[in-house]
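Undergrad: Here are the chains, one letter per residue:
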Amino acid sequence: MPKQINVALIGNPNTGKTSVFNALTGLNQKVGNYPGITVEKKEGICKLPRGVKAHIIDLPGTYSLNASSLDENLVIELLLNKKDKDFPDVAVVVSDVENLKRNLLLYTQIKDLEIPTILVINMSDRMEYKGIQLDIPYLEKELKTKIALISTRKKIGINGLKDLISNYKDLSITPCLNASEIDNTYFDKLRHAFPNQLLYKLWLVITQDVNFGTIDRNQVDAIDSFKTKSNADLKRLQQKETIKRYQFINNTLKKGQSIDLSTAKDLRIKLDRILTHKVWGYLIFFVILLTIFQAIYDWAQVPMELIDGAFASLSEWTKNIMPQGAFTDLIAEGIIPGLGGIVIFIPQIAFLFLFIAVLEESGYMSRVVFLMDRIMRRFGLSGKSVVPLISGTACAIPAIMATRNIESWKERLITILVTPFTTCSARLPVYLIIIELVIPEGRIFGLGYQPLTLMLLYLIGFGTAVCSAWILNKILKIKSKTFFVVEMPNYKLPLFKNVALTVLEKTKSFVFGAGKIILAISIVLWFLASYGPGENFNNAEAIVTTEYASSNLSQQDLQQKIASHKLEHSFIGITGRAIEPVIKPLGYDWKIGIAIVSSFAAREVFVGTLATIYSVEDDDVDTITNRMAKDTNRTTGGKLFTLASGISLLLFYAFAMQCMSTLAIVKRETNSWKWPILQLVIMSVFAYIVALIAYQFLK
Amino acid sequence: MQVTLADIKRGQEAIITDVSSIHIPLKLLEMGCLPGNSVKLLQVAPFADPMYLNINGTHLAIRKETAIHILIEISNA
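Chains L and R, in that order, give the protein sequences. Here the first sequence is numbered in the numbering used here, starting from 1 and rising by one per residue. Here the second sequence is numbered in the numbering used here, starting from 1 and rising by one per residue.
These are calculated hints, taken from the structure and not from any lab test. Owing to the predicted nature of the structure, the values given are computational and were not obtained by experimental measurement. Backbone N, C-alpha and C define an ideal beta-carbon position, used for all residues, glycine too. Some clues are possibly wrong.
[As the list claims (entries may be wrong)] Derived BS3-like pairs (lysine-lysine); straight-line CA-CA distance at most 25 Å:
| # | chain 1 | residue 1 | chain 2 | residue 2 |
| --- | --- | --- | --- | --- |
| 1 | L | Lys41 | R | Lys27 |
| 2 | L | Lys270 | R | Lys64 |
| 3 | L | Lys101 | R | Lys27 |
| 4 | L | Lys240 | R | Lys27 |
| 5 | L | Lys278 | R | Lys64 |
| 6 | L | Lys508 | L | Lys497 |
| 7 | L | Lys492 | R | Lys40 |
| 8 | R | Lys40 | L | Lys479 |
| 9 | R | Lys40 | L | Lys130 |
| 10 | L | Lys254 | R | Lys40 |
| 11 | R | Lys27 | L | Lys254 |
| 12 | R | Lys40 | L | Lys244 |
| 13 | L | Lys410 | R | Lys9 |
| 14 | R | Lys27 | L | Lys244 |
| 15 | R | Lys27 | L | Lys235 |
| 16 | R | Lys9 | L | Lys477 |
| 17 | R | Lys27 | L | Lys201 |
| 18 | R | Lys40 | L | Lys270 |
| 19 | L | Lys278 | R | Lys9 |
| 20 | R | Lys27 | L | Lys410 |
| 21 | L | Lys235 | R | Lys9 |
| 22 | L | Lys240 | R | Lys40 |
| 23 | R | Lys9 | L | Lys270 |
| 24 | R | Lys27 | L | Lys479 |
| 25 | R | Lys64 | L | Lys474 |
| 26 | L | Lys101 | R | Lys40 |
[To be verified] Here are a few chain R residues that sit away from chain L, every Cβ distance over 12 Å (derived from the structure):
| # | residue |
| --- | --- |
| 27 | Val3 |
| 28 | Lys9 |
| 29 | Gln12 |
| 30 | Glu73 |
Go ahead and model the full structure; you've got the sequences and the hints to work with.
TA: In structure tokens, the structure reads:
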């Protein structure tokens, strides 16, 4: 009978834990969320020898079992709760051969939980380069485990690891050291009070905020003898415990590991000398950003034009192949253009995700954190706020979750509040289509005006985020302890498989997430645009024909006028014109108005909405951009998309808070409605004012 | 006067002699910032803050305000 075992991957950040996960599961993985919280849950299936299947969970990276964040808490909660359906039959602790000393701290803690544990030493291909030699049999004996020496980069040792996992029953569950020696009297009392419990488990429950199984905190607190330990005492004991663990690890490694520094080469020092340099460091960072934006523009051009053309033909083909009628119109004029509006941005969004994945995988992001901390602190942020602000260019939701490793609550709250100002990938479609329409082509110093405008918009986003942080820092009266520790991992050439999987996963969820909303909205919009009440809509043909009877219009132009007239008097036209007075001062017409209103669900809906509205109006086969370019503003008589209205729209989208999902995440992460509501109101009002000033000034 | 980690110069090596456990987060201790371990200053950002250190083989960066709570003895090199 096939059997399934639970395997938990645990390890410090930057040990290549996710590479091990990818190597074991390949494409058999899915990313979801833990119920109720927004921590990413990665799980997958791995086939082991003899027909055994392993269900593998990639737990969030943690330095120890003493949790200091929500993500880390999750690791302990799973490991302490034997009743959890994911409770591991075997724990696989992933370590990095260059940081074995530090990685083993977590390992000894897990061993104390008496769970069968395998030690994976990853990046073994670096040993020779670093002059490291390991005495594996000795280490296995001292650490009371089996060791898998692997290299995910060179694909060495993965099968050995699979064998070890399938033979997990042979693993010893004896702890490596006796941590209770740090205070014998205290731990003796504990042992007498709860004779059936594991001491280390009790200790974890006492020192942190976790519950497990049959004992919870209150029960422990209820017993007088433990209350005698003050928080300061507990912390001192934790320090003692850590020192004790390191003593054991240092002794073990003294015999089990030898490092010949004379043969070790260190690229890190040379790279750091340049990349974290007081001048060059910042200059390189700026050049990297500039390159990214230029690349997003140039590389994506060809696939984008192909997609654009393909959707126009698809719509035309559908009309020809299917019987004429409302249903065909719905598909050809509502759904296909709506979806095409978003699919076209896949190349650019994939490139953006690619660059962010590479920056993070290579270890460069930590250098940016180091370089920026001092500057960011002036604005009430932390160097670590740079990561959310940069990954916010992909999406504000993971970015807000990435603030969890910011230690100070005030710095973290400010980062959460200002992150939505960074230019997320949902703004990208809006920006691109408007830039295409209103910014001339042409180059200056080899850089196109269009990519430069885009870069400027990104800078405006960052600038606003940083300035509002400065203001919030002055206004918010929150006292919180600040401290800042950031690991500087070694530089790594990003693994193709890791980067590809990240890009694939993120792009997929972007397209499907947005796709669902756009599909629903484009269907609704199509109905509203295709039907209308009263004479004006139903007798459009007669009315327009009479009106233009004297002027010599060609048949085609007449049809065009009729379609426009109908659209204006459809349900959507009526709604649109009702809100027109509000947006007219910004230089928009009712169509843009409808697009803005519908994009309060998600920004990228703007493009889909316009695509649907324009294709209902105009039967010609043409791309959305061309249709938009041709449109005129009824008030001014000139083109609808001019430099003035275009810039005004760009600025509106740069500042307005138009993303329900972000608001929901902010609510969850700050545990209050106060902050998301403030964000929505302040950002949107600010956006309106700036857009108003821009249009009135430029027109 | 006591020498703290904030006084170390770039490229200098030292041994940690004491850490004030009230001011130092547990996380930093767990990364190896403990009495007896070695420390070397690798790089500093502008205004010498934050500091990029090698503590006990771990590469990490901390702020100066944290470094003043770590007592050291500079090795004679």
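Undergrad: Now look at each hint and say whether the structure bears it out.
TA: Hints versus structure:
1. Proximity of L/Lys41 to R/Lys27 is assessed by CA-CA distance (about 24 Å); at most 25 Å being required, the pair is judged to hold.
2. For a cut-off of 25 Å, the pair hint linking L/Lys270 to R/Lys64 stands: about 24 Å separates their Cα positions.
3. The straight-line distance between the Cα atoms of L/Lys101 and R/Lys27 is roughly 15 Å, inside the 25 Å bound, and the hint therefore holds.
4. Annotation: proposed proximity of L/Lys240 to R/Lys27 holds, straight-line Cα distance about 14 Å (limit 25 Å).
5. For the given pair, L/Lys278 sits about 17 Å from R/Lys64 by alpha-carbon distance, which is consistent with the 25 Å threshold.
6. Taken as a hint, the L/Lys508 and L/Lys497 pair is honoured in the structure, with Cα atoms around 16 Å apart against an allowance of 25 Å.
7. For the proposed pair L/Lys492 and R/Lys40, the alpha carbon gap of about 22 Å is at most 25 Å, so the pair holds.
8. The hinted pair formed by R/Lys40 and L/Lys479 fails the criterion: a straight-line CA distance of about 32 Å is larger than 25 Å.
9. Restraint check for R/Lys40 and L/Lys130: satisfied, since their Cα atoms lie roughly 19 Å apart, inside the 25 Å limit.
10. Of the pairs offered as hints, the one joining L/Lys254 and R/Lys40 holds, with about 20 Å between alpha carbons and a cut-off of 25 Å not exceeded.
11. Our distance criterion of 25 Å between C-alpha atoms is met by R/Lys27 and L/Lys254, whose separation comes to about 24 Å.
12. A threshold of 25 Å between alpha carbons decides the hint, and for R/Lys40 with L/Lys244 the separation of about 23 Å falls inside it, so the pair holds.
13. Distance hint between L/Lys410 and R/Lys9 is unfulfilled; the C-alpha atoms sit about 31 Å from each other, more than 25 Å.
14. As the CA atoms of R/Lys27 and L/Lys244 are separated by approximately 15 Å, the hinted pair is consistent with the 25 Å bound.
15. A threshold of 25 Å between alpha carbons decides the hint, and for R/Lys27 with L/Lys235 the separation of about 12 Å falls inside it, so the pair holds.
16. A hinted pair counts as satisfied when its Cα atoms are at most 25 Å apart, and R/Lys9 with L/Lys477 does not qualify at roughly 36 Å.
17. Pair hint R/Lys27 plus L/Lys201 holds up; C-alpha atoms about 19 Å apart against a cutoff of 25 Å.
18. For a cut-off of 25 Å, the pair hint linking R/Lys40 to L/Lys270 stands: about 16 Å separates their Cα positions.
19. Taken as a hint, the L/Lys278 and R/Lys9 pair is honoured in the structure, with Cα atoms around 16 Å apart against an allowance of 25 Å.
20. With a CA separation close to 19 Å, the supplied pair R/Lys27 and L/Lys410 stays within the 25 Å bound.
21. Among the hinted pairs, L/Lys235 with R/Lys9 is inconsistent with the structure: their alpha-carbon atoms are about 31 Å apart, more than 25 Å.
22. Of the supplied pair hints, the one linking L/Lys240 and R/Lys40 holds, its CA atoms being roughly 23 Å apart against a limit of 25 Å.
23. Between the alpha carbons of R/Lys9 and L/Lys270 the distance comes to roughly 19 Å, so the proposed pair stays at or under 25 Å and holds.
24. Taken as a hint, the R/Lys27 and L/Lys479 pair is honoured in the structure, with Cα atoms around 21 Å apart against an allowance of 25 Å.
25. The suggested pairing of R/Lys64 with L/Lys474 holds, with an alpha-carbon distance near 23 Å, which does not exceed 25 Å.
26. Between L/Lys101 and R/Lys40 the alpha-carbon distance is near 17 Å, which keeps this suggested pair within the 25 Å criterion.
27. Remark: the non-interface label on R/Val3 is consistent with the geometry, its nearest Cβ contact in chain L lying 21 Å away (cut-off 12 Å).
28. The beta carbon of R/Lys9 is kept farther than 12 Å from every beta carbon of chain L, the shortest such distance being approximately 16 Å.
29. Against chain L, the non-interface label of R/Gln12 holds: every CB pair exceeds 12 Å, the least being about 15 Å.
30. Under the 12 Å C-beta cut-off, the non-interface status given to R/Glu73 relative to chain L holds; the minimum distance is some 18 Å.
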